[in-house]
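> Starting from the known structure of chain L, fit chain Y onto it as the hints suggest.
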Amino acid sequence: MSADTDPETDTEAEVEAETETPPPADTEPEPSVPEPGTESHQDRRMREKGEQAIAREEAAADAAAEEIETVEIRVYRYDPEVEGKTTPRFDAFHVPIEEGMTVLDALIYARDEFDSSLTFRHSCRQGVCGSDALFVNGAQRLGCQTQISDLEAPVQIEPLPHQEVVKDLVVDMQHFYEQMDAVEPYFDPDEEPEEDLEEQRQTRENREKIKLSTRCIQCGACTSSCNVAAGDNQYLGPAAINKAYRFVMDKREGEDRRKQRLETVKQEHGVWRCQTQFSCTEVCPKDIPLTEHIQELKREAIKEDIKFW
Amino acid sequence: MHEHDVIVVGAGGAGLRAAIAAKEEGADVAIVTKLHPVRSHTGAAEGGINAALQEEDSWEDHAYDTMKGSDFLGDAPAIETLTKDAREDVIQLEHWGMPFSREEDGTVSQRPFGGLSYPRTTYAGAETGHHLLHTMYEQVVKRGIEVYEEWYVTDLAVTDEDDPEDRTCHGVAAYDIKNGAVEGFRARDSVILATGGLGQVFDHTTNAVANTGDGQAMAYRAGVPLEDMEFVQFHPTSLPSTGVLISEAVRGEGGILYNAEGERFMFERGYANNEGELASRDVVSRAELTEINEGRGIEDEYVHLDMRHLGEERIMDRLENILHLAADFEGVDGLEEPMPVKPGQHYQMGGIETDENGETCIEGLYAAGECACVSVHGANRLGGNALPELFVFGKRAGYHAAGRDMKTAEIPTGPSARSEAGDVSPAVEPGAIEPATDEDAVADGGQTADPTAIVDQEVEAERERIERLLEDDGTNHADIRADVQQTMTEYVNVFRTEEGIETALEDLQDARRDYQDVAVEDPSRTFNTDLIHTLETRNIIDLAETIALGALARTEFRGAHWRAEHQTRKDDEWLKHTMIAWNNGDLDLYYVPVILDGESKTYEPVDRSY
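Protein chains in written order, with the working numbering: chain L, 1 to 309; chain Y, 1 to 610.
Don't read these hints as lab results, they were simulated from the structure.
Ideal placement from N, C-alpha and C gives every residue a C-beta, glycine not left out.
One or more of the hints may lead you astray.
For lysine-lysine, the following DSS-like pairs were computed, each having C-alpha atoms within a straight-line distance of at most 25 Å [as the list claims (entries may be wrong)]:
| # | chain 1 | residue 1 | chain 2 | residue 2 |
| --- | --- | --- | --- | --- |
| 1 | Y | Lys601 | L | Lys251 |
| 2 | L | Lys307 | L | Lys251 |
| 3 | L | Lys209 | L | Lys259 |
| 4 | Y | Lys142 | L | Lys259 |
| 5 | L | Lys209 | L | Lys307 |
| 6 | L | Lys251 | L | Lys298 |
| 7 | L | Lys266 | L | Lys209 |
| 8 | L | Lys211 | L | Lys259 |
| 9 | L | Lys266 | L | Lys303 |
| 10 | Y | Lys23 | Y | Lys142 |
| 11 | L | Lys209 | Y | Lys142 |
| 12 | L | Lys251 | L | Lys209 |
| 13 | Y | Lys601 | Y | Lys576 |
| 14 | L | Lys266 | Y | Lys142 |
| 15 | L | Lys211 | Y | Lys178 |
| 16 | L | Lys303 | L | Lys209 |
| 17 | L | Lys85 | Y | Lys178 |
| 18 | L | Lys259 | L | Lys307 |
Okay, the calculated bits of chain L under chain Y, using three or more residues with CB under 8 Å as the criterion [as the list claims (entries may be wrong)]:
| # | segment |
| --- | --- |
| 19 | 114-126 |
| 20 | 225-233 |
| 21 | 249-260 |
| 22 | 269-281 |
Chain L on its own, in the form it takes in the complex (with noise of 0.2 Å):
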């Protein structure tokens, strides 16, 4: 690792970073290859660290030669109890740049290759687990889904905003999921068979009406964007409206579920609070219109109020 790579701290709290030195040609023998069969598994493994080590070497070499390019990323660093993290700061990190890396993959380097305890939530890698909802150059991006070289340098990586922030860039998710919870998030039709189920029709326009609201993946980007939800914990939030929308506009549900649902979503703290300020629509990583949605909410909340007049 040259020194190009290593991190810096704008802090008086000292990152370490691991800095492996490459032994110098001149006292590191060519090894040589010896025979097939000939050779100990002992041989064969420092052959290997030799070889290794002459790789790094020139690896060293190349990037003082070319400047390989890095970008700093500069990452929120918080942990209640571990001394020198307990006020929260930045560090900074010197990633190498890849063609095609995203924030995600600067951030499991930064953590793989200096500081194995940097910490974030991530698993499929792929947009689809919904984990690593992260705020980068001050917007609400998911970490894999975001390309480096999209983004202006430094770049700046924090939890998301209007979370309790658990440890560095994780963020305690649980009042998010209470709002999920509190629409009733699952299937239930007015009468369900109780065996020998046959299949249930929907049209294709239906299924096509619902699609989009079903893609969430439960990230909290959008309420974390949302001021509204900032500023009034009890309001359901986008993410919570938009699974709500799955199901009162799903045909197959019935119609006497479709009514409580809307009681719901019409509340004090529903759908009424939207200030249709589109933040929740424009950093959805699934591109689901939420903002759309919950304004059709209020036009079926309307609807269904004026058929009692």
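Coordinates of chain Y only, in the frame set by chain L:
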């Protein structure tokens, strides 16, 4: 200590379905999972769910296709159970609101998939797994099933009789990722493992970072044999840079593979003259790598998958998700240009030995889904057969674990099913460095101690293990994990040689030795992912070794297992499952015959051509 009737470990498709079934049976059930349920990797499945729904289709045909796809290494009772139950279980999902893609008449759509004699793959766009996962999680919420999320199960609490078949599982020890507490979970009835795949054994995989084979490794060390571990599916179409999966549905809908010379090589080079791109996955993966190795790959690394001719309308209707994946992770517009693809580790056919009811040889211990091996998939899994396996066997395990009276299983389990001993002798002895003293062999709770004491002792042992990792100074696990992934990808990949596998086994012993000095740098008790990954890496080493050892033992070419020195399928010798028992670190390799006698017919092995 937490206490429930049934504890489900893992919250992907199999775990959620098992929990729902156990709840329906009246059990007090809880799910313990290292991820929030919707983060599970079932959500990444794209293509679909095989089920014989149409009148002109039949479960018998589905069973035959599956058996042929397995290269006659699946067990007939397992395969027939899957194909018979799949229909009813798919309709159940539909009644739980799953947003399937639809035909004009409003019925569930089905499409062709590799190795199928009828288009029986139901789907929801190219994001079927996402919808399956969310639909089932919704039903878990509806039933008020308790979920301990971001709790990492580190070991099973099992008694220590000599014969695994006499042992009983009484619960698990788990680490609360949020605050570092190690606590016991006592299972009054049963523990069901549903921990998914082990893709992190390899360095180019479609699997999530979380897929570290924890359940398999825990069951293995507790005494359940791992079955057919050498059979690893390499999916033919993963993106070269990240391993992100491009669904088989692209080929199902008519996508074409080309080499650098613009040849449609599946036909033009004779790899599969009838089925072409829709040959079985192992066949297509080998074809691609052969093209690349013989210099006809693009940039010597990949081939092209072209779907442009399908037209924007059809792509947007059925494969829209693929466009997003290709754009976001490879920077390619699938409407305008072909997509680069190459084989990547995708699925583990082998796993925890179970019967059709999900039961292992240890009383009170079940497994379902990818971590289990019933065996449905044998030497090669067909696309579209993993998702039905999740809910068919997840449900059965949930019912059985909660005490439902079910038909006695036909598939035998445990050491008593042994038909012959294995005779492989690698140059470097695999297994624990010091077998007799290996700390986590089995819970050392004695045989008659009360169940709570067994769980307590397991918790104490795990607390000590974790404290030591946190307090000591030592090697970072990430280097060891990278070594394992590299040697497995280099030597136990699509093409395997005896010399290469031996090298991998040597490297894995080195990894074991290195792991003896492992320690966690982050001292924090709060969300310590460094610790979690370090614990996972131990599991990765154990499982990599079983894959390599199985691959060395099986001197034939069957399904996904290709051996340079053994280029034919040897039915006289190898119609049997490879079993590897941990045996307190002194590995025991043996065989159990495959069951080809089914209810529908006796499956006669035939040449598997597509």
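> If any of the earlier hints don't hold here, list their numbers in rising order.
The structure conflicts with hints 1, 15, 20 and 22, although it agrees with all the remaining ones.
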